[in-house]
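Student: As a plain string of letters, each chain reads:
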Amino acid sequence: MNAPVTIETTLKDWETDQEVRWCPGCGDYAILKAVQRTLPQLGADPANTVFISGIGCSSRFPYYIESYGFHTIHGRAPAFATGAKLANPDLDIWLVTGDGDGLSIGGNHLMHVLRRNVNMQIMLFNNEIYGLTKGQASPTSREGTKSPSTPIGSYDHPARPAAFALGSGARFIGRGFDVSKHLPDVLKAAHAHKGAAFIEIFQNCIVYNKDVFDDFAAPKGAEDRQLWLENGKPMLFAKDTNGLALNRETLGLEVVDVVDGDWESAGVIVHDVTNRSVAHMLIEMPFGPFPMALGVLYDDPRPTFEDAVTEERERASAGKEANLAKLLGTGQTWTVSGTAQDPV
Amino acid sequence: MATAATTPQDSASSTPDAIVVRFAGDSGDGMQLTGGQFTLSTALAGNDLATFPDFPAEIRAPQGTLFGVSAFQINFGSRQINTAGDAPDVLVAMNPAALKVNLAALKPGGLIIADTGAFTKRNLDKAHYEANPLEDDSLAKYDVLAFDISEKTIEAVKPFGLGNKDALRSKNMWTLGLALWMFGRSRQPIHDWLKAKFKSKPDIADANIAALDAGHAFGETAELSGPMRQMEMPPVQSEPGLYRTITGAEAVSLGLVAGAQLAELPMFFGGYPITPASAILHHLARLKEYGVTTFQAEDEIAAICAAIGASYAGQLGVTSSSGPGIALKTEAIGLGIMTELPLVIVNSQRGGPSTGLPTKTEQSDLYQAVYGRNGDAPMPVIAARSPSDAFEVAIEACRIATEYMTPVMLLTDGYIANAAEPWKVPNPADFTPFPAQFLTEPRGEQLLPYKRNEKGARPWIKPGTPGMMHRIGGIEKHEETGNIDYSPDNHQRMTDLRKAKVENIAVPDQEVALGETSGTLAVVGWGSTYGPIHQAVRRSIAKGCSVSHIHVRHIWPLPKNLGELLKAFDHVLVPEMNTGQFKTVLRDQFLVDAQPLTKTSGQPFQIAELEAAIAKYFDGIEGNEGGEVAVNNQQLPSPLAEND
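Protein chains in written order, with our numbering: chain A, 1 to 344; chain B, 1 to 644.
If you are wondering where the hints come from, they were derived from the structure by calculation, not from laboratory data. Take the hints with a grain of salt, since some may be wrong.
For lysine-lysine, the following PhoX-like pairs were computed, each having C-alpha atoms within a straight-line distance of at most 25 Å [to be verified]:
no.	chain 1	residue 1	chain 2	residue 2
1	A	Lys326	B	Lys424
2	A	Lys194	A	Lys33
3	A	Lys12	B	Lys462
4	A	Lys146	A	Lys134
5	A	Lys12	A	Lys33
6	A	Lys233	A	Lys194
7	B	Lys288	A	Lys326
8	B	Lys165	B	Lys201
9	B	Lys165	B	Lys126
10	B	Lys462	A	Lys194
11	B	Lys152	B	Lys121
12	A	Lys210	A	Lys12
13	B	Lys152	B	Lys195
14	B	Lys451	B	Lys499
15	B	Lys158	B	Lys201
16	A	Lys320	B	Lys199
17	B	Lys197	A	Lys320
18	B	Lys462	B	Lys451
19	B	Lys121	B	Lys141
20	A	Lys181	A	Lys12
21	A	Lys326	B	Lys195
22	B	Lys560	A	Lys326
23	A	Lys320	B	Lys288
24	B	Lys455	B	Lys560
25	A	Lys181	A	Lys233
26	B	Lys616	B	Lys543
27	A	Lys220	A	Lys210
The task is simple: from the sequences and hints, build the whole structure.
Tutor: What follows is the structure in structure tokens.
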């Protein structure tokens with residue numbers, strides 16, 4: 001179904017002639033480049049690729065990719081993408097949304113596209129702020145965020161995109177950040193996953209929420225604060241001197257020291273991308289005491305919505321003739337011939 | 001109605017050429033089913049007919065209460081029938097509440113058939129009756145036929161070993177059996193239907209058949225004098241051909257399937273449950289072999305957005321709802337207008353505002369359809385006038401949507417959606433196909449996704465087409481390339497182009513439905529008021545009034561000749577089930593002195609009230625009552641109790 005033909009392209013082939021209108025230094029530029037770098041590696045066909053977005057800074061993305069693109073309305077991109085995918089399951093759809101678009105006005109649609117498992121890649125650019133409307137607090141803003149709409153500091157508890165996605169029934173959850181060199185790997189894994197693949201991308205809003213992710217994304221000391229997960233590999237960070245283990249008393253994760261690379265005796269867990277319970281713990285673990293879990297947190301495919309719809313239509317149509325004239329005359333009918341009338 | 005309606009006193013002694021029967025009972029009594037089956041037997045007997053199902057919003061309102069009353073009215077006759085009838089000649093009341101709610105509508109001298117078994121103290125209390133109306137003289141001006149239907153039903157189904165509660169469920173079939181006898185109808189189609197319906201429960205089927213037969217036999221054998229007698233209703237003279245009964249919801253569904261076939265497109269239907277529009281989703285969900293994909297979305301917004309997404313990908317996107325749901329879809333309609341993609345939006349109107357009257361009919365979404373969007377957002381609007389007309393109108397909506405690359409709104413209403421009428425089955429081959437065209441290579445050197453054709457439509461380019469990659473969206477775009485363009489001149493041009501495209505849609509010239517093309521009074525209607533207006537105008541013409549009936553299908557853009565046509569009349573009267581919305585559009589577009597005649601009771605117009613309104617313009621005519629118009633004083637009563 002998906003991308004049956006691979007095409008040779010270069011990064012240049014995916015650039016449009018449109019002037020990019022994001023603020024200089026915006027994290028969106030780095031994400032755009034990462035995507036344009038990834039698409040040739042996937043053998044993606046521009047004619048078969050569709051970028052669908054909602055409203056917000058991130059949602060301008062389709063204008064800058066030389067493929068098909070649909071810049072829709074606020075929060076509803078998942079619904080447009082679902083309709084397009086059902087109409088043509090062969091399309092390779094990338095959804096672009098943000099923390100306001102995807103989790104505030106569009107939270108309902110995001111939930112349903114994930115639980116239905118419509119095959120597409122969903123990139124949520126999380127900058128923890130409303131950028132295009134000039135800096136109001138968003139549903140992912142941290143408590144105390146000062147903004148034009150929250151001058152004394154926000155007091156609502158932030159939503160956590162990956163936790164929302166897992167709770168909605170997502171079968172793929174990846175995480176990366178704008179300038180990370182690993183982001184293309186996460187995108188590739190998401191593309192390889194058949195079903196709705198959710199990718200939270202931390203993105204630096206240079207104007208309204210500058211460097212808010214520096215606590216884990218800043219290059220200096222990144223080793224100690226980032227845990228890049230790899231399937232089948234132990235959960236190690238800080239140059240393999242720390243790892244994550246299961247505390248059997250609290251049934252939660254804990255950071256353990258790894259001496260001389262002997263992670264096994266330290267009890268460090270081996271990442272199994274199909275383990276939903278561990279994925280839940282990785283998503284929920286608080287940053288600070290724990291590192292930030294990045295990479296592919298969860299990947300366990302199940303049948304997709306469009307396949308189910310197609311199969312049902314084929315099953316329901318099997319052996320049936322689509323004869324409209326006959327259909328119109330179905331039911332309780334009678335014939336009038338002259339004035340005599342005979343029930344059929 | 002003719003005889004029956006104008007000279008009610010005749011109905012006891014001679015056979016009228018049309019008769020109105022209303023079945024009324026508790027919402028759990030199966031009155032809609034009874035009415036539906038009686039309709040079928042009436043159609044099979046060759047009568048023309050129209051029906052009006054009138055039921056509460058609650059699925060199972062508390063038993064015996066006034067607000068739990070469900071009614072089904074049918075008007076049938078040996079001549080053309082256009083409405084469900086004004087006042088019933090026969091009222092079947094299955095309990096005191098049904099009698100109380102519906103009695104005011106019954107004609108003087110009309111027949112009441114009541115189930116005494118249900119006129120218990122408890123039920124009388126619930127209906128706020130202080131005394132049993134069957135036992136005092138409060139029903140003196142009617143013929144009353146009261147007997148214990150409950151007991152007779154229990155007796156009839158006794159051999160099947162059902163408990164009393166289950167046995168009483170067949171009460172409606174007993175009543176139907178009696179009605180079939182009264183009008184000389186065949187029981188066989190109902191037998192067949194019951195056997196099919198209860199295929200896996202033959203006992204239940206047999207019990208219902210026994211009840212039906214017992215009711216029929218009761219009529220046949222009981223030595224009843226007075227009102228209980230058989231009435232002959234000879235078949236109507238119809239055009240030869242194959243007929244069936246059809247509701248508006250069925251006709252819309254079939255019309256959409258036909259429209260998609262004529263456009264040579266698969267259809268994608270995005271819907272969300274809402275009364276009274278859900279029936280369209282239900283019908284289409286069973287037609288997958290016709291290339292129909294139905295998608296029950298998470299909300300009204302997702303339903304239309306998915307339909308637009310499907311249109312973008314090359315299918316015919318369709319969505320359907322009622323007023324409140326249409327309100328939610330409004331922003332997405334704007335995007336459909338901006339991106340110029342085909343889309344059909346069906347609005348089965350109901351009483352509003354807000355949740356309003358979910359199960360009652362109204363035409364009050366016309367402003368919403370024509371004007372109700374942000375920005376200058378022109379959109380074609382067409383309206384069906386009857387259940388069978390909805391078939392052709394749905395095809396027309398598909399044609400406009402695909403030929404002009406635009407969302408189209410199709411207006412029906414709760415009355416059209418639920419009501420049934422006989423329909424001469426059309427031959428799909430008689431409709432001219434309008435195959436959709438997809439652009440697969442640039443027309444010149446450069447790909448210009450917004451360069452218009454002679455109709456003002458931009459090309460439809462499916463994603464997946466090699467070499468045709470482009471971007472669309474809700475931001476104002478350049479008039480040819482479709483790239484973002486906020487420049488003042490461009491927005492001015494794009495606004496003008498969108499407006500001109502819709503205004504120049506080819507709409508057939510307006511014809512006069514009945515009467516001359518000029519004269520004293522034009523009665524102008526749209527939508528489901530067709531039947532009562534037609535009959536009222538017909539009667540008024542017969543009395544010598546210079547009146548014509550004009551019924552408008554194309555609400556936006558309006559037929560080009562309509563202004564001139566209206567100006568050929570001294571007066572223009574616009575009856576509407578709203579506060580005068582189409583009247584405003586006519587005044588605005590043609591500067592004519594259109595006068596409103598409005599009704600917002602949740603019930604269709606009656607012929608008599610329209611006739612009285614017309615009479616006001618013709619004081620000097622013999623046999624014409626003239627004088628004051630008292631609209632609404634005869635309308636079908638609504639339950640008084642609280643209803644959400």
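Student: A separate judgement is required for each hint: does it hold in the structure or not?
Tutor: So, going through the hints one by one against the coordinates:
{"no.": "1", "hint": "A:Lys326 to B:Lys424", "verdict": "holds, 13 Å"}
{"no.": "2", "hint": "A:Lys194 to A:Lys33", "verdict": "holds, 24 Å"}
{"no.": "3", "hint": "A:Lys12 to B:Lys462", "verdict": "holds, 23 Å"}
{"no.": "4", "hint": "A:Lys146 to A:Lys134", "verdict": "holds, 13 Å"}
{"no.": "5", "hint": "A:Lys12 to A:Lys33", "verdict": "holds, 10 Å"}
{"no.": "6", "hint": "A:Lys233 to A:Lys194", "verdict": "holds, 23 Å"}
{"no.": "7", "hint": "B:Lys288 to A:Lys326", "verdict": "holds, 15 Å"}
{"no.": "8", "hint": "B:Lys165 to B:Lys201", "verdict": "holds, 17 Å"}
{"no.": "9", "hint": "B:Lys165 to B:Lys126", "verdict": "holds, 20 Å"}
{"no.": "10", "hint": "B:Lys462 to A:Lys194", "verdict": "holds, 23 Å"}
{"no.": "11", "hint": "B:Lys152 to B:Lys121", "verdict": "holds, 20 Å"}
{"no.": "12", "hint": "A:Lys210 to A:Lys12", "verdict": "violated, 29 Å"}
{"no.": "13", "hint": "B:Lys152 to B:Lys195", "verdict": "holds, 22 Å"}
{"no.": "14", "hint": "B:Lys451 to B:Lys499", "verdict": "holds, 16 Å"}
{"no.": "15", "hint": "B:Lys158 to B:Lys201", "verdict": "holds, 17 Å"}
{"no.": "16", "hint": "A:Lys320 to B:Lys199", "verdict": "holds, 22 Å"}
{"no.": "17", "hint": "B:Lys197 to A:Lys320", "verdict": "holds, 22 Å"}
{"no.": "18", "hint": "B:Lys462 to B:Lys451", "verdict": "holds, 16 Å"}
{"no.": "19", "hint": "B:Lys121 to B:Lys141", "verdict": "holds, 24 Å"}
{"no.": "20", "hint": "A:Lys181 to A:Lys12", "verdict": "holds, 19 Å"}
{"no.": "21", "hint": "A:Lys326 to B:Lys195", "verdict": "holds, 24 Å"}
{"no.": "22", "hint": "B:Lys560 to A:Lys326", "verdict": "violated, 37 Å"}
{"no.": "23", "hint": "A:Lys320 to B:Lys288", "verdict": "holds, 10 Å"}
{"no.": "24", "hint": "B:Lys455 to B:Lys560", "verdict": "holds, 16 Å"}
{"no.": "25", "hint": "A:Lys181 to A:Lys233", "verdict": "holds, 19 Å"}
{"no.": "26", "hint": "B:Lys616 to B:Lys543", "verdict": "holds, 13 Å"}
{"no.": "27", "hint": "A:Lys220 to A:Lys210", "verdict": "holds, 17 Å"}
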